[in-house]
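Whole structure, please, built from the sequences with the hints as guidance.
Protein chains: 2
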Amino acid sequence: MVPKPLDYESINENVKKAAYAVRGELYLRASELQKEGKKIIFTNVGNPHALGQKPLTFPRQVVALCQAPFLLDDPNVGLLFPADAIARAKHYLSMTTGGLGAYSDSRGLPGIRREIAEFIGRRDGYPSDPELIFLTDGASKGVMQILNTIIRNEKDGILVPVPQYPLYSATITLYGGSLVPYYLEEEANWGLDVNNLRQAVAGARSRGITVKAMVIINPGNPTGQCLSQSNVRELLQFCFQENLVLLADEVYQQNIYQDERPFISARKMLLDMGPPISKELQLVSFHTVSKGYWGECGQRGGYFEMTNLSPQTVDEIYKVASISLSPNVPGQIFLGLMVNPPQPGDISYLKFTMESKAVLESLRRRARMMTDGFNSCRNVVCNFTEGAMYSFPQIRLPPKAIEAAKKAGKIPDVFYCLKLLEATGISTVPGSGFGQKEGVFHLRTTILPAEEEMPAIMASFKKFNDEFMEQYEDYRGYSRL
Amino acid sequence: MVPKPLDYESINENVKKAAYAVRGELYLRASELQKEGKKIIFTNVGNPHALGQKPLTFPRQVVALCQAPFLLDDPNVGLLFPADAIARAKHYLSMTTGGLGAYSDSRGLPGIRREIAEFIGRRDGYPSDPELIFLTDGASKGVMQILNTIIRNEKDGILVPVPQYPLYSATITLYGGSLVPYYLEEEANWGLDVNNLRQAVAGARSRGITVKAMVIINPGNPTGQCLSQSNVRELLQFCFQENLVLLADEVYQQNIYQDERPFISARKMLLDMGPPISKELQLVSFHTVSKGYWGECGQRGGYFEMTNLSPQTVDEIYKVASISLSPNVPGQIFLGLMVNPPQPGDISYLKFTMESKAVLESLRRRARMMTDGFNSCRNVVCNFTEGAMYSFPQIRLPPKAIEAAKKAGKIPDVFYCLKLLEATGISTVPGSGFGQKEGVFHLRTTILPAEEEMPAIMASFKKFNDEFMEQYEDYRGYSRL
Chain A
-18 MVPKPLDYES INENVKKAAY AVRGELYLRA SELQKEGKKI IFTNVGNPHA
32 LGQKPLTFPR QVVALCQAPF LLDDPNVGLL FPADAIARAK HYLSMTTGGL
82 GAYSDSRGLP GIRREIAEFI GRRDGYPSDP ELIFLTDGAS KGVMQILNTI
132 IRNEKDGILV PVPQYPLYSA TITLYGGSLV PYYLEEEANW GLDVNNLRQA
182 VAGARSRGIT VKAMVIINPG NPTGQCLSQS NVRELLQFCF QENLVLLADE
232 VYQQNIYQDE RPFISARKML LDMGPPISKE LQLVSFHTVS KGYWGECGQR
282 GGYFEMTNLS PQTVDEIYKV ASISLSPNVP GQIFLGLMVN PPQPGDISYL
332 KFTMESKAVL ESLRRRARMM TDGFNSCRNV VCNFTEGAMY SFPQIRLPPK
382 AIEAAKKAGK IPDVFYCLKL LEATGISTVP GSGFGQKEGV FHLRTTILPA
432 EEEMPAIMAS FKKFNDEFME QYEDYRGYSR L
Chain B
-18 MVPKPLDYES INENVKKAAY AVRGELYLRA SELQKEGKKI IFTNVGNPHA
32 LGQKPLTFPR QVVALCQAPF LLDDPNVGLL FPADAIARAK HYLSMTTGGL
82 GAYSDSRGLP GIRREIAEFI GRRDGYPSDP ELIFLTDGAS KGVMQILNTI
132 IRNEKDGILV PVPQYPLYSA TITLYGGSLV PYYLEEEANW GLDVNNLRQA
182 VAGARSRGIT VKAMVIINPG NPTGQCLSQS NVRELLQFCF QENLVLLADE
232 VYQQNIYQDE RPFISARKML LDMGPPISKE LQLVSFHTVS KGYWGECGQR
282 GGYFEMTNLS PQTVDEIYKV ASISLSPNVP GQIFLGLMVN PPQPGDISYL
332 KFTMESKAVL ESLRRRARMM TDGFNSCRNV VCNFTEGAMY SFPQIRLPPK
382 AIEAAKKAGK IPDVFYCLKL LEATGISTVP GSGFGQKEGV FHLRTTILPA
432 EEEMPAIMAS FKKFNDEFME QYEDYRGYSR L
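Chains A and B are the protein sequences, given in the same order.
Counting from -18, one number per residue, gives the positions in the first sequence under our numbering.
Counting from -18, one number per residue, gives the positions in the second sequence under our numbering.
Please note: incorrect hints may appear among the correct ones.
Each computed DSBU-like pair below joins lysine-lysine, with the alpha-carbon atoms no more than 30 Å apart [stated by the list, open to error]: (1) B:Lys(-2) x B:Lys300; (2) A:Lys71 x B:Lys16; (3) B:Lys(-3) x A:Lys300; (4) B:Lys(-3) x B:Lys387; (5) A:Lys(-2) x A:Lys388; (6) B:Lys19 x B:Lys443; (7) A:Lys300 x B:Lys35; (8) A:Lys332 x B:Lys71; (9) B:Lys388 x B:Lys16; (10) B:Lys444 x B:Lys418; (11) A:Lys300 x B:Lys300; (12) B:Lys16 x B:Lys400; (13) A:Lys444 x A:Lys387; (14) A:Lys300 x B:Lys418; (15) A:Lys300 x B:Lys(-15); (16) A:Lys35 x B:Lys19; (17) B:Lys400 x B:Lys20; (18) A:Lys(-15) x B:Lys136; (19) B:Lys300 x A:Lys387; (20) A:Lys249 x A:Lys260; (21) A:Lys(-15) x B:Lys260; (22) A:Lys332 x A:Lys16; (23) B:Lys71 x A:Lys19; (24) A:Lys400 x A:Lys(-2); (25) B:Lys388 x B:Lys300; (26) A:Lys(-2) x B:Lys(-3); (27) B:Lys444 x A:Lys300; (28) A:Lys260 x B:Lys(-2); (29) B:Lys(-2) x A:Lys136; (30) A:Lys(-2) x B:Lys300; (31) A:Lys71 x B:Lys20; (32) A:Lys400 x B:Lys300; (33) A:Lys260 x B:Lys(-15); (34) A:Lys(-2) x B:Lys136; (35) A:Lys136 x B:Lys(-15); (36) B:Lys(-3) x A:Lys(-3).
FYI, nobody ran anything at the bench for these hints, they're computed from the structure.
Here is the structure:
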């Protein structure tokens, strides 16, 4: 029989090859177990509200009013909404032509892009141009668009950290490019070694690959590290020498849980370095309302900012954005609110500040609880989560566990994570979904379960892990270490 | 100097080749003029709220409450919101895990997909499976995903109507496939002739193209026709014989302005036809909250439904959807509301019904006013807008106008539309952006300007057009006709 065009054997090979572990085998099995009535703790995706984080009140008030502008004329509106939320809703509605129901410009509302440019200017100490900021339905869509712009064919390579967030590997495969991995150093707190980068590029070139871009995720996903200033400077220099675009995934810039290495944007460091690099290196930086203390994942609000791109290329990116008309407008309003939160003196300032501080401080405590919890487990070693929303412990699987996994036809860390899921309901992502060095195994979990549930979760993890190790450990072999 | 990876000469050729006229030269010029203070009537995009259409109250109340769930506990909530909106907000929130701020499943919320399946079942008289319905950030994103799944390389062809909505041509180019045009018959009210289709397929095959899919837009964009039942049946048979997937763009299914040819979905007709075709033909159907009497373009809510696709392919499409995590959740709620509007007996029923009827009836009157207006103009001939939101008059440009356009370095209809824009502020899209037969010229305008402004707009158009024709017409030449 002739296969039909949408039969599996007929479809685009790149679609089939793309792998996306965050919602892969573990997630599908967890969903099944949940349907069967098992209590599942979804720590596979950085999705704070799904694990009980409450939305910040002020932005939700503003967006609710923007959705229901007829309330602005209602004499009772003041009973349900504070005056500054009402004023802010009017402010954002005045930026639209027709409210939230109208397509905006395909790059996003000019007024919101201006507010973002002002935020970037304050953050970095250098003015930013709203014409070089494009809003998107979440940061992932922006990453996908930029990669689609860069990649011509399988000879175009993109340097991606390993371990990495699989958005990058999946998208590079989908658009037919080549992923060029560079390893982060677990022993150096997941730092980045420029020698590794050089080797990765040299190796790729010897295989005929033109390396065109480098991805950094700072703070790191899944690895949780914050890059030092000198590390950022080094990698900018490296990109400049090697003629690479830098794609800076900075969606966790508000999620910092230590004070030694505050977040520094790639853009600020680039501009600090001065000419020629500051005038020449091509940089695209990504941010979102899904992370930080906002966690507004479901709203799908993101943006990217382009530095040192030619107007002609910016026009091409604009044209492609216009094919799908416009990013969702409520998500754009959230972006405006994120970069322009209530200020001292505003009615909502105190409440907003208390809510956002409570989220961040609790995340900081949870980062610590989780790292300590993992490090208290047999054969588990875990770097501290300096930033972002994830813990990425190394699981030292005994040879017998690796054998058992082979027999079951599973990658060893998938085997471990499936057992963990069945035993405890904790739904993680195996390290193999992010990439890791040969023979070394990890898992990724978010630090997002509610703080009060964290001790029980970590106890449940420890019980499972220590029993698993007990079951599979070769005592004599282990005692020789 | 070595070009950088994001310099124009380095980027993906398919990005450069993709053309999207709806926001092309005319739109950019209109935006410039607007900045200079000229009053612009944007009829280039089907964006009803931007031209003054008010949102329907009930759905906005529900989504506002979903955005601000803390209001549900407020004793004053009943002063601003009717009880059925409150109940409906609770209903949709109960479908989420964590409200609008949490990512949903990458296919959309299961509860909303169930409501859509029920709607399709009622509409077509055949049950629909929610597992085969995927929600997207607007219908365009769904079209793009399906085309990306189908297209492997430039040897894969997609049959697209000409004139067509440029989403299709742009996306096929972007993903490296080949557009195979089939002409709609202007003289037969933009109907579809299966002989043309056969010729188009035969011609493409002789050039080594594997034709894999066929696009229909029903009701038509930009052409405004409603396909007859027999036309839909013929084209389904054609797809079956030729082993093509049918992509049915049915986003205007609620926009019908005549009673002779009510909307019939490709799916209903397919299932009416019975086996073997009903069990075998692969069909993907698209719908949205952006059109109809909703016009909620800025919310970016859409879905596609798959018929006769293998579970393996559905899994692949799910996997790729999961790369960008989830469609925006507020847009999903709008979809739920669209397929499940207030019912007789509900508090909001009367108001909702009045509002939606008012929009549809006014659109019907405007469709008539516009067609009649165009047909009253010198050298303009226009089919009636039976459905959708557009008028697509043919402009019979005199030879001297064509010469003048050539001298100005413009395509003749671009030349005409630019002059129209400068003279009247009416921002249209030239027919060449949608495709048209050689030597024949059109423009597309939406029928969306406010009804009370329509007479003045049509008068302003007529004045411009008739003067234009006066200026360029060769009287002796014309009198010979």
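Cross-check of the supplied hints:
Of the supplied pair hints, the one linking lysine -2 of chain B and lysine 300 of chain B holds, its CA atoms being roughly 28 Å apart against a limit of 30 Å. For the proposed pair lysine 71 of chain A and lysine 16 of chain B, the alpha carbon gap of about 22 Å is at most 30 Å, so the pair holds. Restraint check for lysine -3 of chain B and lysine 300 of chain A: satisfied, since their Cα atoms lie roughly 9 Å apart, inside the 30 Å limit. Distance hint between lysine -3 of chain B and lysine 387 of chain B is fulfilled; the C-alpha atoms sit about 24 Å from each other, no more than 30 Å.
About 25 Å separates the Cα atoms of lysine -2 of chain A and lysine 388 of chain A, which keeps this hinted pair within 30 Å; it holds. Taking the CA atoms of lysine 19 of chain B and lysine 443 of chain B, the gap is about 20 Å. The hint holds against a cut of 30 Å. For the hint linking lysine 300 of chain A to lysine 35 of chain B, the alpha-carbon distance of about 29 Å falls within 30 Å, and the restraint holds. For the suggested pair lysine 332 of chain A and lysine 71 of chain B, the alpha carbons sit about 25 Å apart, so the restraint of at most 30 Å is met.
Our distance criterion of 30 Å between C-alpha atoms is met by lysine 388 of chain B and lysine 16 of chain B, whose separation comes to about 28 Å. Taking the CA atoms of lysine 444 of chain B and lysine 418 of chain B, the gap is near 27 Å; set against the 30 Å cutoff, the hint holds. With a CA separation close to 27 Å, the supplied pair lysine 300 of chain A and lysine 300 of chain B stays within the 30 Å bound. Straight-line distance between C-alpha atoms of lysine 16 of chain B and lysine 400 of chain B comes to about 18 Å, which keeps the hinted pair within the 30 Å bound.
Of the supplied pair hints, the one linking lysine 444 of chain A and lysine 387 of chain A holds, its CA atoms being roughly 24 Å apart against a limit of 30 Å. With a CA separation close to 25 Å, the supplied pair lysine 300 of chain A and lysine 418 of chain B stays within the 30 Å bound. For the given pair, lysine 300 of chain A sits about 20 Å from lysine -15 of chain B by alpha-carbon distance, which is consistent with the 30 Å threshold. With a CA separation close to 46 Å, the supplied pair lysine 35 of chain A and lysine 19 of chain B exceeds the 30 Å bound.
Restraint check for lysine 400 of chain B and lysine 20 of chain B: the C-alpha separation of about 15 Å stays at or below 30 Å, so the hint holds. Proposed proximity of lysine -15 of chain A and lysine 136 of chain B is supported: the alpha carbons are some 16 Å apart, at most 30 Å. The straight-line distance between the Cα atoms of lysine 300 of chain B and lysine 387 of chain A is roughly 25 Å, inside the 30 Å bound, and the hint therefore holds. In summary, the hint linking lysine 249 of chain A to lysine 260 of chain A is supported, as the alpha carbons are separated by about 13 Å, within the 30 Å threshold.
Taking the CA atoms of lysine -15 of chain A and lysine 260 of chain B, the gap is about 13 Å. The hint holds against a cut of 30 Å. Using a Cα cut-off of 30 Å, the hinted pair lysine 332 of chain A and lysine 16 of chain A is violated, with the two alpha carbons roughly 38 Å apart. Between lysine 71 of chain B and lysine 19 of chain A, the direct Cα distance comes to roughly 25 Å. Compliance with the 30 Å bound is thereby established for this hinted pair. In summary, the hint linking lysine 400 of chain A to lysine -2 of chain A is supported, as the alpha carbons are separated by about 27 Å, within the 30 Å threshold.
With a C-alpha separation of about 52 Å, the suggested pair lysine 388 of chain B and lysine 300 of chain B falls outside the 30 Å cut-off, and the hint is violated. Our distance criterion of 30 Å between C-alpha atoms is met by lysine -2 of chain A and lysine -3 of chain B, whose separation comes to about 26 Å. Restraint check for lysine 444 of chain B and lysine 300 of chain A: not satisfied, since their Cα atoms lie roughly 33 Å apart, outside the 30 Å limit. A hinted pair counts as satisfied when its Cα atoms are at most 30 Å apart, and lysine 260 of chain A with lysine -2 of chain B qualifies at roughly 28 Å.
A threshold of 30 Å between alpha carbons decides the hint, and for lysine -2 of chain B with lysine 136 of chain A the separation of about 20 Å falls inside it, so the pair holds. Taken as a hint, the lysine -2 of chain A and lysine 300 of chain B pair is honoured in the structure, with Cα atoms around 10 Å apart against an allowance of 30 Å. The straight-line distance between the Cα atoms of lysine 71 of chain A and lysine 20 of chain B is roughly 23 Å, inside the 30 Å bound, and the hint therefore holds. Restraint check for lysine 400 of chain A and lysine 300 of chain B: satisfied, since their Cα atoms lie roughly 23 Å apart, inside the 30 Å limit.
Among the hinted pairs, lysine 260 of chain A with lysine -15 of chain B is consistent with the structure: their alpha-carbon atoms are about 13 Å apart, no more than 30 Å. Using a Cα cut-off of 30 Å, the hinted pair lysine -2 of chain A and lysine 136 of chain B holds, with the two alpha carbons roughly 20 Å apart. Note on lysine 136 of chain A and lysine -15 of chain B: the hinted pairing holds, with a Cα-Cα distance of about 16 Å set against a maximum of 30 Å. Using a Cα cut-off of 30 Å, the hinted pair lysine -3 of chain B and lysine -3 of chain A holds, with the two alpha carbons roughly 26 Å apart.
The structure is inconsistent with the numbered hints 16, 22, 25, 27, although it conforms to all the rest.
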